[in-house]
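Trainee: Listed below, chain by chain, are the residues.
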Amino acid sequence: MVLDIISAVLIFLGAVLSLAAAIGLVRFGDLLSRMHASAKPQVLGLMLIAVAIAIQFPTWATVTTLAIVISFQLVTIPVATHMVGRAGYRTKHLRRSMLYRDELAEAVDRAEAREIAWERQRGIGPDHHDG
Amino acid sequence: MSEIVLHTLVIAGAVLLAASVVAALYRIVRGPSILDRMIGTDVVLASIMCGLGGYMALSDRTDLLPVLIVLAMLGFVGSVSVSRYVSKSDSMTPGAEAGALSDFSNTDWHMPRDADAEDSAEESVEGSAEAADRAQPRAEPTSVRAARPSDEVTEIADPTYDVHADSGGEGEGTGPDPGPDDAEHMSTEKGEGNSRGS
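Chains Y and W are the protein sequences, given in the same order.
For the first sequence, the residue numbers in numbering that gives the first Met the number 0 are 0 to 130.
For the second sequence, the residue numbers in numbering that gives the first Met the number 0 are 0 to 197.
Only chain Y is shown next, with the shape it has when bound in the complex (with noise of 0.2 Å):
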């Protein structure tokens, strides 16, 4: 009986969690910070649900299943979330206003510079034939 209140414990709190990225994802008014918001129960809550789980059936079988959901969650939900910020930088889905600083931006003006030199050092080649 004490299991089931402690898995129930768990389960309210995933839920919790699920209703905190909710309401960060209806309030916050920026892409990437409602991204920030999302992420809590897709790796946390799941983790605990999937404790509340383990209390409740601790065989091999269930526990390492388990473990293969939260290994899987913990590997793709990064790979996902950066590319939708990706996704959602290079499209311009982002306040300017609300960013401190853009290390991106630097690091994409440099990318861009040191392909206009490559270029023009390529394109030299040919047209010094002519002239």
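Mixed in with the good hints there might be a few duds.
[Said to hold, decoys possible] One side of the interface only, derived from the structure: several residues of chain W facing chain Y at Cβ under 7 Å:
no. : residue
1   : Ser1
2   : Leu8
3   : Gly12
4   : Leu16
5   : Ala17
6   : Ala18
7   : Val42
8   : Ser46
9   : Cys49
10  : Gly52
11  : Gly53
12  : Tyr54
13  : Ser58
14  : Phe75
15  : Val79
16  : Val85
[As the list claims (entries may be wrong)] Listed next, the stretches of chain W that the computed footprint assigns to chain Y, with coverage defined by at least 3 CB atoms under 8 Å from CB atoms of chain Y:
no. : stretch
17  : 22-32
18  : 35-41
19  : 67-74
[As the list claims (entries may be wrong)] Lysine to any residue pairs mimicking SDA-like chemistry, simulated, CA-CA at most 20 Å apart:
no. : chain 1 : residue 1 : chain 2 : residue 2
20  : W       : Lys87     : Y       : Glu111
21  : Y       : Lys39     : W       : Lys87
22  : Y       : Lys39     : Y       : Ala66
23  : W       : Lys87     : Y       : Leu93
24  : Y       : Lys91     : W       : Ala17
25  : Y       : Lys39     : W       : Ala13
26  : Y       : Lys39     : W       : Ile68
27  : Y       : Lys39     : W       : Val79
28  : Y       : Lys39     : Y       : Ser70
29  : W       : Lys87     : Y       : Gly84
30  : Y       : Lys91     : W       : Ile47
31  : Y       : Lys91     : W       : Lys87
32  : Y       : Lys91     : W       : Val79
33  : Y       : Lys39     : Y       : Leu73
34  : W       : Lys87     : Y       : Ala104
35  : Y       : Lys39     : W       : Leu24
36  : W       : Lys87     : Y       : Leu103
37  : Y       : Lys91     : W       : Ser32
38  : Y       : Lys39     : W       : Phe75
39  : Y       : Lys39     : W       : Ala17
40  : W       : Lys87     : Y       : Ala110
Derived from the structure by calculation, the hints contain no laboratory data.
Heads up, the beta-carbon is just placed ideally off N, CA and C, and yes, glycines get one too.
Given the coordinates of chain Y, work out where chain W should sit on it, guided by the hints.
Mentor: Same frame as chain Y, now just chain W:
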């Protein structure tokens, strides 16, 4: 007593999950961009996973564990494919396109410019009040980029791009013979490139 605590916790958790799904659905409906909708879908999926896990824990259903794995994989594949679809400029790596246009390739200028044109069009469609704000920090690199084509290299680059796009296979032969006809093209069309004033 403990029965009451257990039931209260379970019912409260179910209500919170339902409320979070409703709020995420609100974001899916209202979301200004498809990425916001994708994040809302992720939160809905996470809530479904939490609810399914709670159901499994409280009602002795360990046979639903593969469903959790499938849902986790579904969220990953969904957000990755949507974000790949949104950022189309992934396929426009300049090194990959450089050999496809011609060998005289400072013509890759056209691709960043076109990409910027698309982006500015998209900006003007969306919030116009923020567009000026967002265009402010990007103004500096575009001015740099606009200043560089006025050098001596790229005023040759514009005519060669048009010539080789029209004449086809002539420039693609990696020819060591940029012979007299290429010189003619450049000499005749240099005036055109200047008159275009780009």
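Trainee: Hint by hint, say whether it matches the structure.
Mentor: Hint-by-hint comparison with the structure:
1. Ser1: Hint holds; Ser1/W Cβ to chain Y Cβ min 5 Å, cut 7 Å.
2. Leu8: Interface hint status for Leu8/W: holds (4 Å vs cutoff 7 Å).
3. Gly12: 4 Å, holds
4. Leu16: 5 Å, holds
5. Ala17: Ala17/W check fails; min Cβ-Cβ to chain Y is 9 Å, beyond 7 Å.
6. Ala18: 6 Å, holds
7. Val42: Cβ of Val42/W sits 5 Å from chain Y, so the hint holds.
8. Ser46: 5 Å, holds
9. Cys49: 5 Å, holds
10. Gly52: It holds, given that the least Cβ distance between Gly52/W and chain Y is near 3 Å, below 7 Å.
11. Gly53: 4 Å, holds
12. Tyr54: 9 Å, violated
13. Ser58: It is violated, given that the least Cβ distance between Ser58/W and chain Y is near 10 Å, above 7 Å.
14. Phe75: Holds, about 4 Å.
15. Val79: Holds, because the Cβ-Cβ distance from Val79/W to chain Y comes to roughly 5 Å (cut-off 7 Å).
16. Val85: 4 Å, holds
17. 22-32: The restraint on the stretch 22-32 of chain W holds, since 6 of its residues have a Cβ under 8 Å from chain Y and three suffice.
18. 35-41: Three-residue rule met by the stretch 35-41 of chain W, so holds; n is 5.
19. 67-74: Satisfied; 5 residues make the cut.
20. Lys87/W x Glu111/Y: Within the cut-off at roughly 18 Å; holds.
21. Lys39/Y x Lys87/W: 28 Å, violated
22. Lys39/Y x Ala66/Y: 18 Å, holds
23. Lys87/W x Leu93/Y: Roughly 17 Å between the alpha carbons, so the hint for Lys87/W and Leu93/Y holds.
24. Lys91/Y x Ala17/W: Roughly 32 Å between the alpha carbons, so the hint for Lys91/Y and Ala17/W is violated.
25. Lys39/Y x Ala13/W: Distance of about 18 Å is within 20 Å: holds.
26. Lys39/Y x Ile68/W: Holds, at roughly 18 Å.
27. Lys39/Y x Val79/W: 18 Å, holds
28. Lys39/Y x Ser70/Y: Holds, at about 15 Å.
29. Lys87/W x Gly84/Y: OK: Lys87/W and Gly84/Y at ~14 Å, within 20 Å.
30. Lys91/Y x Ile47/W: 31 Å, violated
31. Lys91/Y x Lys87/W: Answer holds: Lys91/Y to Lys87/W is near 13 Å, not above 20 Å.
32. Lys91/Y x Val79/W: Roughly 18 Å separates the two Cα atoms, so the pair holds.
33. Lys39/Y x Leu73/Y: 12 Å, holds
34. Lys87/W x Ala104/Y: Status holds; Cα separation ~19 Å.
35. Lys39/Y x Leu24/W: With a Cα-Cα distance of about 17 Å, the restraint between Lys39/Y and Leu24/W holds, given a limit of 20 Å.
36. Lys87/W x Leu103/Y: 19 Å, holds
37. Lys91/Y x Ser32/W: OK: Lys91/Y and Ser32/W at ~11 Å, within 20 Å.
38. Lys39/Y x Phe75/W: 15 Å, holds
39. Lys39/Y x Ala17/W: The hint holds at about 17 Å.
40. Lys87/W x Ala110/Y: At roughly 19 Å apart (the allowed maximum being 20 Å), Ala110/Y and Lys87/W satisfy the hint.
Checked against the numbered hints listed earlier, the structure breaks hints 5, 12, 13, 21, 24 and 30; every other hint is satisfied.
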